[in-house]
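Colleague: Given the structure of chain A, go ahead and fit chain B onto it with the hints provided.
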Amino acid sequence: MQGKSSKLGRLSIQLGLGIFAFWTLAPIAWLVVSSLMQQQALTATPPDFSPSAFTFQNYVEVMNSAAALGRGLANSLIVAVSTTAVALAVGAPAAYALARFQLPGSGPILLMILATQMFPGIVVAIPMFIVMSHLGLIDSRLGLVIVYLSFNLPIVIWILHGFFLAIPVGLERAAAVDGATTLQIFRLIVLPISWPPIFATAIFAFIESWNEFFFALILTRQNAQTVPLVISQFAGQYQTVFGQMMAAATMAVTPVVVIAIIFRQSIMKGFTEGMIKS
Amino acid sequence: MAKVELAGVYKRFGALEVCSNVNLAVADKEFVTLLGSSGCGKTTILNMIAGLEDVSAGEIRMEGRVVNNLTPFERDVAMVFQNYALYPHMTVAENIGFTLRLRRISRAEIEKRVGTIAGLLELTPLLGRLPSQLSGGQQQRVAIGRAMVREPKTFLFDEPFSNLDAALRVRMRSEIKLLHQRLGVTSIFVTHDQEEALSISDRVAVINEGRVEQVGTPEEIYVRPVSRYVARFIGSPQIDLLDGAIVEETGGTGFRVGHVLFSLPQPLVHALRAQGALELGVRPENVLITDRGTAANVRVVNPVGPASFVTLAWEGGLITARVPGMSRLKAGEAVQFTVDPQHLMFFDKASGRRIEVSGEL
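As you go down the protein sequences, you meet chains A and B in turn. Just so we're aligned, residue 1 is where the first sequence starts under our numbering, counting upward by one. Just so we're aligned, residue 279 is where the second sequence starts under our numbering, counting upward by one.
None of the hints are false.
Computed from the model, here is a short list of chain A residues facing chain B with C-beta under 8 Å:
(1) A174
(2) Q184
(3) I193
With beta-carbon atoms standing in for the labels, derived distance ranges:
(4) L17(A) to S514(B): 45 to 55 Å
(5) D332(B) to G105(A): 14 to 24 Å
(6) R407(B) to E61(A): 56 to 66 Å
(7) V257(A) to L398(B): 51 to 61 Å
(8) I262(A) to V344(B): 54 to 64 Å
(9) Q265(A) to N301(B): 49 to 59 Å
(10) I262(A) to S514(B): 57 to 67 Å
Read the hints as simulated data drawn from the structure, not as lab findings. Just so it is clear, CB atoms sit at the ideal spot from N, CA and C, and this is done for glycine as well.
If we strip away everything but chain A, and leave its shape as in the complex, we get (with noise of 0.2 Å):
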């Protein structure tokens, strides 16, 4: 009886993972397979699946069209290594000093990062556009980073509040005994222990700003625009070029799903440990 239930509780385990698997990859699927498509075979009704509609076409297309991507990746990666790097070097010691020092008001203080994460981006961004435009920073990565920052490192310093939250204090308490300052105790032994959260958050930062497309759109022109904008080019006017459009999004993917599969398990480990650790 009892082995009868957990197979039947392990097949229903096994179903779910596979349905919410399929919600999750179909979409990439489909992304990379219309990226190989002819755009007739790919607007046909059904789409067309012969091997004959399948081509590297458009991926020629889209290198020919090199210029425009390859600086759409390059401020990508700029803005996005910038975004995590500044996030991390900020956010971890507010986080730390959250958790840890008895600060007057840090409760609000915490309510209010939170607070700035429930805005829709649409609210904030005519008056970011205002302000940014005084600042003489629209179509700059610089303007990014720091949009990108305002929505990062709130997510970072909760993330890493609550790792740092679960570190047992006597660790702490035994390097103070030690002889350690609290600067000391912050780099020599909290960082080191906490390098997979802080890993994992890095992760997440940085896609978060290699996929942003609303700020993006309205914040830049052509110097600084992210590769999200480029791929949009793809849809003209008169005609959008799904197959192009599609092959330029697989490319702009790929590395942050490599970057993702490589580091699969210090991601895990890191938001797993920060929720388990006691």
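Modeller: What follows is chain B alone, placed relative to chain A:
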């Protein structure tokens, strides 16, 4: 040379007062244990001595100097934590040497001193391992080594044996005592285990609800507890407390519980006569199973090897007797018992204080 004194120390967390008027003087080279149940404030006291917790009021002095505002490091204390608090990303050698590294001592000197400590604690083959690759006992020794390496003036121990299995815990008692004899460093040890406290300490401070209930040698604490709380906390199985009254009648003089009269020597009765309601405290070793005395029934027999504890049901409730060896008594068996009048304790029922009677011992 490290004398540690606490004078009128208070600790409050908001409205909650966790330590009240703590006074304690630990002499140089002395081994003092703070003993109390969990949540009594003993670890808070230790943390205040260490400098990990601020003092709300009062003074902590070391070698006569007020240290209230000094960091743990400036107080020159070393601490062994309950869960050892070993740095998980450092090897055994790095853990022990961390404090020396912070003080910018040369690499060669660190290696030498870590090596010496490791030899002393039999950790030499483990120096390259991470804490996660060590057994509980080994982690314990690393934690002690980390405290020893800096040759502090005072050692603080926060329930360092509580995560060890029973056999190792008992062995560590001797080891820590030997270490203390060898190093002669003032040591303050926190535990909730009364047997541990009695077996390792020069003196024991019993802490109850954030106050020092009694400070004394293990013998004083056990034989002359100041209060019912201390009497009940020390000793295993617990002391039995009997409700009754002093009587002087034609049938005899003594302490009457229900219909049963425990006869007491005349001078003792005289001394106790003036007191109000009393409780009589009897430890198991002072209950004697004999062939004449108060009738009782054996309820449970708990042999523990060298002795057995026999719980007896009688008119006054339950009472535990310690009998030598493995007892042959069976549950339900009818027996009789007496109490040894030389070792009785009397407590004022209202205040819980023990009534000191001269010549009682």
